[in-house]
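Use the sequences and the hints to build the structure in full.
When you line the sequence shown up against the working numbering, it's residues 11 to 181, in that order.
Take the hints with a grain of salt, since some may be wrong.
[What the hints assert, rightly or not] Pairwise CB distance ranges (calculated):
1) Arg-160 / Thr-35: 32 to 42 Å
2) Gly-147 / Pro-98: 12 to 22 Å
3) Gly-137 / Arg-180: 15 to 25 Å
4) Gly-147 / Gly-44: 33 to 43 Å
In case anyone wonders, no lab produced these hints; they're calculated from the structure. Heads up, the beta-carbon is just placed ideally off N, CA and C, and yes, glycines get one too.
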Amino acid sequence: MRFVALLHAVNLGQTRKVSMAELRTLLGTLGLTGVQTYIQSGNALFDADPDPNLGQNLEAALGTHFGFAIPVTLRTAEDWRQAARHCPAHLLTEPVSVAFLARGPRPDAVATLQARDVTPERWALIGAQVYQTVPEGTRNLRLSQAALTRVLGVPCTVRNWRTVQAIAGRL
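So, in structure tokens, the structure goes:
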């Protein structure tokens with residue numbers, strides 16, 4: 011089965027450096043096949059047998075190899091294709107990013123998020139993805155990755171729409 015692994019918060023400064031060549035090699039040593047990476051932000055594509063512990067196993071191997079914890083969000087290729095097709099059209103009038111949640115949030119957490127005024131940003135939760143507009147750039151987001159994680163109570167990692175589409179094209 012084909013998977014996409016999103017590594018959280020790597021290559022964002024002087025620390026938490028992860029070489030994509032080194033990542034590809036490591037994933038290969040774990041028995042994953044067809045390994046590819048896309049840009050330096052920690053996106054890996056690979057084939058593996060379905061395993062409910064795959065994400066945890068990846069996190070353990072990454073932490074051991076790189077020397078720091080690296081949370082991983084996994085999607086199957088089909089889940090990714092669905093995410094790449096289901097951004098609401100009304101959001102695509104502006105730059106969009108997608109927060110990939112580790113799991114679906116609780117309804118009460120979604121209600122709390124809905125009550126927040128994040129204008130001029132707009133967002134939609136579909137499955138375990140939050141699609142959001144980025145009208146003033148990612149540095150000025152009111153609904154940042156940290157805010158989403160805190161309010162929804164679910165870890166997430168964010169990719170811009172161009173990256174989402176590019177990865178979909180590689181599956």
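Hints versus structure:
1. A hinted range of 32 to 42 Å holds for the C-beta pair Arg-160 and Thr-35, which are about 35 Å apart.
2. Between Gly-147 and Pro-98, the C-beta spacing of about 21 Å keeps the proposed range 12 to 22 Å intact.
3. For Gly-137 and Arg-180, the hinted distance range of 15 to 25 Å is satisfied, since their beta carbons lie about 21 Å from each other.
4. For Gly-147 and Gly-44, the hinted distance range of 33 to 43 Å is satisfied, since their beta carbons lie about 35 Å from each other.
Violated hints are absent here; each numbered hint is respected by the structure.
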